[in-house]
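Can you make the complete structure from the sequences, with help from the hints?
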Amino acid sequence: MTAFVVKRLGFALVTLWAVLTLVFFIVRVLPGDPAQVILGDQATAGAIEAMRARLGLDRPLAVQYAEFLFGVLRGEWGVSLVTGRPVLVEVMSVLPWTIELTVAALVIGALIGIPLGVWAATNRNRLIDYVTRLASLLGLSFPAFVSGILLLIFFGIQLRWFPVISAQSGSLSAWFLSLALPALNLGLIMAAYITRVTRSAMLEVLQEDYVRTARAKGVPWRAVVWRHALRNALIPVITVVGLYLGVLIGNSVLTEIVFNRPGLGKLIVGALNQRDYTMLQGMMVIYTLVVIVVNLLTDLAYGAADPRVKLK
Amino acid sequence: MTQTSPPSPAPAPAPSPLAVALAATIRAFNTNKTSWIGLGVFLAVVVLAIMAPWIAPHDPLEQDVFSRLQGPSAEYPLGTDYFGRCILSRLLHGARYSLLIGVASTLAAMLIGSAIGILAGWYGGRFDVIVMQTMDVLLAFPALILGLIIVAMLGPTLVNIVIAIALTSIPAFARIARAPTISVKEREFVEACRALGYSDARIMFLHILPNIFAEILVMSSLWLASAIRTEASLAFIGLGLRPPIPTWGGMIREGFENILDSYWLALAPGVAILIVVFALNLLGDGLRDAVDPKLKGET
Chain A
1 MTAFVVKRLG FALVTLWAVL TLVFFIVRVL PGDPAQVILG DQATAGAIEA
51 MRARLGLDRP LAVQYAEFLF GVLRGEWGVS LVTGRPVLVE VMSVLPWTIE
101 LTVAALVIGA LIGIPLGVWA ATNRNRLIDY VTRLASLLGL SFPAFVSGIL
151 LLIFFGIQLR WFPVISAQSG SLSAWFLSLA LPALNLGLIM AAYITRVTRS
201 AMLEVLQEDY VRTARAKGVP WRAVVWRHAL RNALIPVITV VGLYLGVLIG
251 NSVLTEIVFN RPGLGKLIVG ALNQRDYTML QGMMVIYTLV VIVVNLLTDL
301 AYGAADPRVK LK
Chain B
1 MTQTSPPSPA PAPAPSPLAV ALAATIRAFN TNKTSWIGLG VFLAVVVLAI
51 MAPWIAPHDP LEQDVFSRLQ GPSAEYPLGT DYFGRCILSR LLHGARYSLL
101 IGVASTLAAM LIGSAIGILA GWYGGRFDVI VMQTMDVLLA FPALILGLII
151 VAMLGPTLVN IVIAIALTSI PAFARIARAP TISVKEREFV EACRALGYSD
201 ARIMFLHILP NIFAEILVMS SLWLASAIRT EASLAFIGLG LRPPIPTWGG
251 MIREGFENIL DSYWLALAPG VAILIVVFAL NLLGDGLRDA VDPKLKGET
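Protein chains in written order, with the numbering used here: chain A, 1 to 312; chain B, 1 to 299.
Estimated spans, in silico, between C-beta atoms of each pair:
no.: 1; chain 1: B; residue 1: Ser73; chain 2: A; residue 2: Ile26; range: 46 to 56 Å
no.: 2; chain 1: A; residue 1: Leu95; chain 2: B; residue 2: Leu43; range: 38 to 48 Å
no.: 3; chain 1: B; residue 1: Leu43; chain 2: A; residue 2: Val107; range: 34 to 44 Å
no.: 4; chain 1: B; residue 1: Gly197; chain 2: A; residue 2: Thr21; range: 33 to 43 Å
no.: 5; chain 1: B; residue 1: Leu43; chain 2: A; residue 2: Gly10; range: 47 to 57 Å
To be clear about the criterion: a stretch of chain A counts as covered by chain B if any three or more of its residues have a C-beta under 8 Å from a C-beta of chain B, and this derived list gives those stretches:
no.: 6; segment: 7-21
no.: 7; segment: 135-145
no.: 8; segment: 151-157
no.: 9; segment: 241-248
no.: 10; segment: 258-269
no.: 11; segment: 287-301
From the structure, some residues in chain B lie toward chain A, with a derived Cβ separation under 10 Å:
no.: 12; residue: Val137
no.: 13; residue: Ile273
no.: 14; residue: Asp285
I should point out that these hints are in silico values taken from the structure, not numbers from a laboratory. Here the structure is a predicted model, which means the values were calculated and not measured. Note that beta-carbon positions come from the ideal geometry of N, C-alpha and C, so glycine has one too.
This is the structure:
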């Protein structure tokens with residue numbers, strides 16, 4: 001197990017280095033001089049030179065690369081070109097909003113998705129199974145901004161249950177009202193994924209010998225399903241939820257835009273629109289970190305839950 | 001309506017690569033009937049998109065300032081937008097861009113990704129490890145963020161959007177192509193090919209590819225759905241084709257800006273995207289169940 005952890009950890013570090021290198025070169029190699037883009041077409045050559053110096057783009061590539069890598073390690077991610085505040089400060093100030101939304105969505109997704117998936121699997125090829133499969137397929141067909149707008153139109157504009165422009169602070173009820181619709185939007189899509197994965201994992205587990213053994217020795221069906229089978233089926237569910245992280249992040253960006261909620265998504269779109277290159281670079285680093293950490297946790301959870309997983 | 005009677009599988013002559021792939025695909029279709037519904041709806045949308053210039057009631061760019069923001073009427077079946085443009089006409093023309101970008105990026109990702117996957121699976125070893133780990137990292141990175149950054153830096157032209165979306169789905173195709181390559185590689189007929197002295201390239205292209213083609217094709221419908229969704233998302237964020245070109249995501253963006261006064265503007269294009277993506281998912285999901293042997297074996 002220790003060797004397994006060390007190996008995964010080492011791999012995570014190598015991946016981090018590879019992606020950081022990629023981020024560094026994407027920002028520099030793609031066509032378009034950042035200084036030119038920031039200043040616009042009318043900028044004089046002198047102004048562009050000055051901006052290049054300010055961005056550190058006039059120094060040798062190797063020096064820039066080394067400074068970038070060490071900067072990331074030291075937590076010095078540069079200063080936003082638009083606000084003048086450190087990138088890390090900007091990111092940290094909105095991170096709680098995104099984490100809150102994501103966790104709420106995962107909870108909603110698991111609370112709806114896991115029971116529904118188990119129910120569908122134990123009623124395979126009956127009406128309830130077909131309905132669940134179709135509904136979950138429809139759920140994951142929704143672009144997150146379309147479902148978000150539908151929720152907004154229905155609950156915000158028609159029923160007036162929720163504020164259309166969200167993100168007020170203060171009282172607990174205001175907090176709940178501003179979180180509810182975005183979390184529901186993200187959570188329902190997540191539930192669609194979790195339902196499908198749970199269903200197929202359960203179908204596989206229910207065919208296993210130990211399930212037959214448990215039934216044969218007289219364990220009630222309900223206990224077989226919820227205790228024996230589900231516990232084993234959850235392992236692939238965790239893995240797949242880890243794999244859907246990219247989808248979840250993309251959907252949270254769209255959700256934040258629709259519900260006008262602060263968060264990483266709004267930050268990155270703002271940085272893109274304003275050509276804030278240092279901010280973009282920092283955002284890519286933070287997303288990379290999130291992806292790698294979640295992948296590592298998923299791997300480790302998998303290894304911990306299933307003793308058969310040894311280092312390969 | 002969209003019910004089509006499944007064509008009987010043609011009697012396969014000597015196993016030509018194409019016939020093998022075709023037969024496998026048709027078998028997959030017949031196992032799951034919802035695939036036919038998905039295919040029917042999708043083809044209907046394709047036909048509507050192709051016919052758009054002839055069946056659209058108006059020019060999608062024509063502005064009628066005297067009939068801005070109107071509800072549905074005989075002249076404007078889905079109403080008009082902020083500039084008095086016919087929403088139905090914009091929807092029909094927008095379908096062409098959505099489908100074009102979706103199909104082009106999926107085809108590109110399918111070709112490049114499958115090639116990478118087959119090569120990695122065939123050669124194995126360290127090459128395989130390095131290539132696939134790279135793909136896994138790319139796969140884990142949020143596709144929408146990657147697409148956003150690429151389009152923002154290269155500029156929102158048709159070609160750049162296709163490149164951005166293709167890049168985000170190459171790793172998926174590499175994965176899909178690699179797994180069956182590894183299992184097919186061990187089969188006797190491949191050994192026979194080697195014994196006959198065939199080149200690696202010939203075995204991979206003529207003997208392995210046809211055997212894994214069905215699986216790649218199945219996944220491509222799911223990834224086409226995802227590509228269309230990503231294109232719409234980019235346009236919604238403001239990184240789609242530039243206005244006044246009608247795109248579904250762009251129309252939703254315009255409708256969303258006026259959501260308090262006239263929320264129906266966003267509804268029609270939203271439903272259009274949902275229908276296409278759902279149809280493709282139905283198609284791909286049904287086929288996948290049929291192709292994936294793990295989920296067979298009824299109990």
